[in-house]
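Chemist: Going down the list, the protein sequences come from chains A and B.
Be aware that the first sequence starts at 1, since it is given in this note's numbering, and climbs by one per residue.
Be aware that the second sequence starts at 215, since it is given in this note's numbering, and climbs by one per residue.
Some clues are possibly wrong.
[To be verified] As a list, the in silico SDA-like pairs of lysine to any residue whose alpha-carbon atoms are at most 25 Å apart: (1) A:LYS147 - B:SER491; (2) A:LYS147 - B:ARG494; (3) A:LYS111 - B:GLN440; (4) A:LYS111 - A:GLY127; (5) A:LYS164 - B:ALA474; (6) A:LYS202 - B:GLU464; (7) A:LYS147 - B:GLU445; (8) A:LYS202 - B:LEU462; (9) A:LYS146 - B:GLU464; (10) A:LYS111 - B:ILE475; (11) A:LYS161 - B:ALA474; (12) A:LYS142 - B:PHE479; (13) A:LYS146 - B:GLU445; (14) A:LYS142 - B:ARG478; (15) A:LYS111 - B:PRO338; (16) A:LYS142 - B:PRO489; (17) A:LYS202 - B:VAL461; (18) A:LYS147 - B:ARG444.
Honestly, the hints are just simulated from the structure, not real lab data.
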Amino acid sequence: MACTSLPKYPLTFPKSPNTKTPSSPAFPSLLKSSHSRIYGLKFSTNSTSSLPSHSSYPQRMLICAKVSKGDVPPSFTLKDQDGKNVALSKYKGKPVVVYFYPADETPGCTKEACAFRDSYEKFKKAGAEVVGISGDDPASHKAFAKKYRLPFTLLSDEGNKVRKQWGVPSDLFGTLPGRQTYVIDRKGVIQLVYNNQFQPEKHVDETLKLLQSL
Amino acid sequence: MYSITPYSRLSRAPGRLHCPCRATITTRPSTATPPRLDDVTLMKPINIAIDDPSSLRSTWSHRAWVATGFASVLTSLAKSVAAAADSGSFVEPLLAAYVGYVLADLGSGVFHWAIDNYGGPSTPVFGSQIDAFQGHHRWPWTITRREFANNLHALARAVTFAVLPIELLLNAGGGAASHAFVGTCAGCVMLSQQFHAWAHEKKSRLPVAVVALQEAGVLVPRPMHQAHHREPYNNNYCIVSGAWNGVLDEYKVFEAIEMAIFFRFGVRPRSWSEPRSEWREEAEDTTTA
Chain A
1 MACTSLPKYP LTFPKSPNTK TPSSPAFPSL LKSSHSRIYG LKFSTNSTSS LPSHSSYPQR
61 MLICAKVSKG DVPPSFTLKD QDGKNVALSK YKGKPVVVYF YPADETPGCT KEACAFRDSY
121 EKFKKAGAEV VGISGDDPAS HKAFAKKYRL PFTLLSDEGN KVRKQWGVPS DLFGTLPGRQ
181 TYVIDRKGVI QLVYNNQFQP EKHVDETLKL LQSL
Chain B
215 MYSITPYSRL SRAPGRLHCP CRATITTRPS TATPPRLDDV TLMKPINIAI DDPSSLRSTW
275 SHRAWVATGF ASVLTSLAKS VAAAADSGSF VEPLLAAYVG YVLADLGSGV FHWAIDNYGG
335 PSTPVFGSQI DAFQGHHRWP WTITRREFAN NLHALARAVT FAVLPIELLL NAGGGAASHA
395 FVGTCAGCVM LSQQFHAWAH EKKSRLPVAV VALQEAGVLV PRPMHQAHHR EPYNNNYCIV
455 SGAWNGVLDE YKVFEAIEMA IFFRFGVRPR SWSEPRSEWR EEAEDTTTA
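Only chain A is shown next, with the shape it has when bound in the complex (with noise of 0.2 Å):
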């Protein structure tokens, strides 16, 4: 069953930092007794140092949450941009970033995809892969990742069935897909989730800094 992600505002700005996952739900009687249901609260104190000053900013409440941290993600087989299956197990045994994204070819996108080019030595650095994940078609990611020289697997999530698996936020009353990073330990179990749809950038930032504390 997918997520519901309730704005506390009316409208969601993009600079908003919506940064780790929301804060905690307004219904826990919804929720599992699990020591990751609390994670916004969590994320909030470990990360105030990356937010943004307007830190305050109205936070998203969702009402149940897929895949949180503390979860081992449900597993998947996707087209790669060469067309060949790829599945999460294939991963198992050392960390993973797997990023969703709207789309190929739009800015946040485009930049996004670049700051992890650019840091790729240091993923790798730090034994992890890196993995994109949208609703684009194998031939959409290969022009994307040729262009742009991305030298990480991007995977194609038709359907976005995976998305909605994951619970991965939209954003704008569900108009956009949301831009979401999760970090799986070694061990398959997810060490961060981090939304944040109009600061791509700052998903390599936030990724690299728990990477290095693993």
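Starting from the structure of chain A, add chain B where the hints point.
Modeler: Then chain B, alone, in the frame of chain A:
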């Protein structure tokens, strides 16, 4: 949760030529339906300053529209002053006028953004404006060559058609503040093209008062507007005072709307790609200056 059609499944909207070295994007080969061509692709723009300089001069039709525009605006303002004098309070109408000035700036940005990014010369109602903006981006300096009424007549016409019915409605019960808001907002919209032209003019050619107002931020500053004419051509759209530019650009409001439009309708804005030849700026020919 949502149903988003992957980009590759959307019919491709016309974009700009490829330029592989930028962080911003260009159109890419699509596996979907071939791109629709709009008139921008087919049009061959001329350099009007060189090929048809008479098109920069004011005609009696232009002057007539500017006259009606000014008449509408001044009527609103006169009504506001009369009503304020009757009531003895000028604070409300002055505040309303300020709000009108501020919203005119926002409105100029929204209109400018829409015209710069979507549609083409054959778009109903706005086609000629889009055509004019295309010419402006190609030859930005020609705006300084346009005579006053030539430059303002299109906006003056829109203001005439907008203000007259509003004023008729306000006659029923509008106060000094309402008239002040309408008059100021419409006046700033109409004059925005003059402010725009001043933003392109050399400082040495401008009246001292205009330069002072630009430097004070009352009118759109020249460096701010010139940033709009540089890569990535997706910022500083407001042209009355430019006060909204900071907020709109910092919070990427237009980018957010562009993304929403793209995912909802499959239409890419022109600013996502390198300028096509007909939008790409040409340097001023000093022999015609």
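Chemist: Would the hint linking LYS202 of chain A and VAL461 of chain B be met if the CA-CA limit is 25 Å?
Modeler: 20 Å, holds
Chemist: Between the alpha carbons of LYS202 of chain A and GLU464 of chain B, is the straight-line distance 25 Å or under?
Modeler: Holds, at about 15 Å.
Chemist: For the pair we were handed, LYS202 of chain A and LEU462 of chain B, check the Cα-Cα distance against 25 Å.
Modeler: Given that 25 Å is the threshold and the Cα spacing comes to 20 Å, the pair holds.
Chemist: For LYS146 of chain A and GLU464 of chain B, compute the direct alpha-carbon distance and say whether it is at most 25 Å.
Modeler: 30 Å, violated
Chemist: Between LYS147 of chain A and GLU445 of chain B, is the straight-line Cα distance small enough, at 25 Å or below?
Modeler: Holds, at roughly 19 Å.
Chemist: Within 25 Å, alpha carbon to alpha carbon, are LYS111 of chain A and ILE475 of chain B?
Modeler: OK: LYS111 of chain A and ILE475 of chain B at ~19 Å, within 25 Å.
Chemist: Hey, LYS147 of chain A versus SER491 of chain B, does the alpha-carbon distance stay inside 25 Å?
Modeler: 21 Å, holds
Chemist: For LYS111 of chain A and GLY127 of chain A, compute the direct alpha-carbon distance and say whether it is at most 25 Å.
Modeler: OK: LYS111 of chain A and GLY127 of chain A at ~23 Å, within 25 Å.
Chemist: If you draw a straight line from the CA of LYS164 of chain A to the CA of ALA474 of chain B, is it 25 Å or shorter?
Modeler: 19 Å, holds
Chemist: Decide if the proposed pair is consistent with the structure: LYS161 of chain A and ALA474 of chain B, CA atoms, cutoff 25 Å inclusive.
Modeler: Holds, at roughly 20 Å.
Chemist: Mind checking the alpha carbons of LYS111 of chain A and GLN440 of chain B for me, to see if they're no more than 25 Å apart?
Modeler: 24 Å, holds
Chemist: Would you check the hint for LYS142 of chain A and PRO489 of chain B, treating anything up to 25 Å between C-alpha atoms as holding?
Modeler: 24 Å, holds
In this structure, the earlier hints numbered 9, 15 are contradicted, and the remaining ones agree with it.
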